[in-house]
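Undergrad: This is what each chain is made of:
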Amino acid sequence: MPSPYRDSGRANLQPRKSGYVARDFVLRHTEDVMKGKKFDPRRDYPLASKRPDLLRTISGLDFSEISLENVSSGKIACHEIRISPETLDCQARIAEAQGRFQLATNFRRAAELTRVPDQEVLRIYNALRPNQSTKEELLAIATEFEEKYGATMNAGFIRDAIDVYEKRDLLKKGQSAGENHG
Amino acid sequence: MDRSKRFELLERREINKDTFIREWPEMGLVNMESPLDPRPSLIVKKGIVQEMDGKGRKDFDIIDHFIIRHCLDLEQAQKGMEMDSIRIARKILDIDVPRRSVVKLIRGLTPAKILEVVKHLDTVEMMMALRKMRARKTPANQAHVTNRRENPVLLAADAAEAALRGFAEEETTIAVPRSAAMNALALLVGSQTGRGGVLTQCAVEEALNLKLGMLGLTTYSETLSVYGTESTFRDGDDTPWSKAFLASAYASRGTKIRFSSGTGSEVLMGNSEGKSMLYLEIRCLMCIKGAGSQGVQNGSISCIALPLSLPGGGRTVLAENLIATLLDLEVASGNDAPSSHSDIRKGAKLMAQFLPGTDFITSGYSSMPRKDNLFGGGNFDSEDYDDYLILQRDFLVNGGIVPVEEGDVIRIRRKAAQAIQALFEELGFPPITDREVDAAATVHWSQDMPERNRLEDLKASERILKENISGLDVARALGKAGYRDIAERILEIQKQRVAGDLLQTSAIFDADFQVRSAVNDENDYRGPGTGYRLEGDLHRKLTAIPQAGDPRLIAARSLDERTGSLLIEEIGPAVVGTDRHEVVIGLGPAFGTILVETIIGLSHADVLRELLRGIDEENVKARIIRIYDTSDCAFIGHKAAQLSGSGIALGIQSKGTTVIHQKDLSPLNNLELLSQASNLTIETYRAIGRNAARYVKGEPPFPVPSVIDNMARLKYIVKTTLMHMKETEQVIGSKPPQELRIEIP
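Chains A and B are the protein sequences, given in the same order.
Numbering follows the numbering used here, with no gaps: position 165 of the first sequence is 165.
Numbering follows the numbering used here, with no gaps: position 676 of the second sequence is 676.
Warning: the hint list may mix true and false statements.
To be verified - Straight-line distance between alpha carbons at most 30 Å, and here's what the computed DSS-like set of lysine-lysine pairs gives: (1) Lys172(A) with Lys135(A); (2) Lys466(B) with Lys148(A); (3) Lys55(B) with Lys119(B); (4) Lys75(A) with Lys480(B).
To be clear, the hints were calculated from the coordinates, so they are not data collected in a lab.
Remember, it's a predicted structure, so these values are computed and weren't measured experimentally.
So that you can see chain A by itself, here it is in the shape it has in the complex (with noise of 0.2 Å):
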């Protein structure tokens, strides 16, 4: 499945064998992929106040929508009330042209998880947990990442991780790790 991110990504981050290595970031008003709408990282925060326009819910509300009589009347349901991955991009280019690219890709991965179910969600952080999971289960967690939500950094992310965990001996010794071995 094509992720809505990777093009739109403007990732200063690249992923590279060793890692993440920071790139100053280029500042240039670009084009808002969702909507052609005009986007300043600089300018434009808090987007709150400044650019309600740009801001939607993760069920495609407007942000002037959620309003108290719409939250009473019921037309406004809870699970509709959360950031979109498009917001998170918004706020990940602004902490990178303020220089704050680890935290610009974290926005980024957290834009990829909007689409992560919570049960999924917390079952992948204890997999990720010292000695919880073979190589192999890590490997099917990243694909399923890529393939299911189009989560392309969180599944780069846990296979940096394996990586590590590898050399690292924070694998969970399970069977097919061994066959491997041999």
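Position chain B relative to chain A; hints supplied.
TA: Using the frame of chain A, we list chain B on its own:
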């Protein structure tokens, strides 16, 4: 062996309940300098780090790997690593080097290099550096809000009060896990009643914590702990990757996160690898930055007594905070867990963060009494509020807490209790009685609250999770119950979670939900006249503590109060007496007229009566005059002595200071001076009268009993100043002493 009483007393002082030990570097019991701390090094070949801080690639542990892959900026590394550490240290302090340039330079430094840089700074330099390097320009503070019984009504009331007192963030936690959702809910409602925009969290295990955030019952989380050695990380059942993933998970639900670290945790857990505590903390901080966290709470936190047991503890803990800011992280700078038995030591420790200002001066000021603090915290608590407020006023520092009026606090607490009462009714939770609401408005701690059925509250708490009762539902229910203002604020919190502005570094909200973060409120300190300054409305608010009286009103009596005390009539200029058996009493210019009592409130009528009685008991006559051309006690007495037939006179100021004078002495000499008017009782005045008379008769005076009170000056200096000011106002330089006729009722 002989014991010194002084040493015995010192042993019993609070400070000596603290534990002090010598350094034991090989075991990691050392703050900043262990022989096992590595020397800085970095070897990069073809973009791959081959060696860092003396360790080859093959030996890298998870933390080294994570730092190299996610934190260290290799493009900055060459410049930074080749620069002398002392030069970098000087750049940190140099007001001509902007904060951003420092941050950029630090990006390329390894943990050991950062340690080497920071070791060049002494405590005051670190404070200066913190002033410059903290991310947000405006400082703030965070509160703990908990209670032992997990009473939701009290929790809401305390949260409202804390919000009114100015805390930007409030955190609660649990006694039993089942109450998490209820505590989060009560905190949300209470905080938003007190002030819109306060961020809240409920510290519980991650899965539950995440769930509370997803429901919109909390807005931030600072439970993500990291450690500086691999084995400690493993013991904590996490890796830098699992924690970083969790950070993204929180962000994906619009929840602000802050990591948690601090010196001492590794050695406490027995895995320090012989490294200094600060070195290990730097590794933590670099993991935190690499994980993409906007900030950290550090400053040793719960381990504080460990660095403080060793030399340089206060400086080390300050260094932790500073390094967080050098890495461009928001810092909630500790001062939460009890750091000492000694109030002196606690206060001094606080100054390191309080004076420079940090994003959150404390990462949890106990907004209720320590005994209700479930964090094991309460370094400063609700009983220290006035101390804290007055420290702010002394140094003109914004420490993130504002003075409040008692009436306003009671009102807001009641409102929060009523709101939660109404909410419980709407949601079908166990009823809250009016008696509970009344109690919540004024109680000091949970034991004074009416008993609730804890089991029923816990069931309600479980319902929140089971039925997914969200922030939105809370807003809806409160709106329905007529608490529209609170409902709107809780809804606004939900909206802000959609906008995500609160995810940026050092974000807090003001009462209008305008975000203030390191993006739009960036610290721009560049020396005197720049950066954050306490001024305007907040300056007025912080200095106008309710205890501060109007000096115009102190020691002033209305005309009504003045009449009826003494009848004083001037009968003409005073002449030199001819009676060798008289004592002249010289009154100060305001005595018995503008001022009617001494500094400790003895009425002038009583004082005069006792003086006269004392003189009479010795069968000596008294004559009373008023001195107009001076308000100085010595001169009043001296002038009166010149007019005395015996040459002996008493001079008395309105505040009660009294002198016995003799006409041949120089004005500043005297026979007896009772200079501390605050220590003079009514009996003393009679004794003074007697003594004056005995000087007339040439008999030896009796010793006048006097009280030694070293605090008298402290207690009375303001009043002394004001009374003397009023007395001096009555001075008429050209008017000679006047003979008085006095009637004492």
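Undergrad: Hints the structure violates: just list their numbers, smallest first.
TA: Of the numbered hints given earlier, the structure breaks none, since each of them holds.
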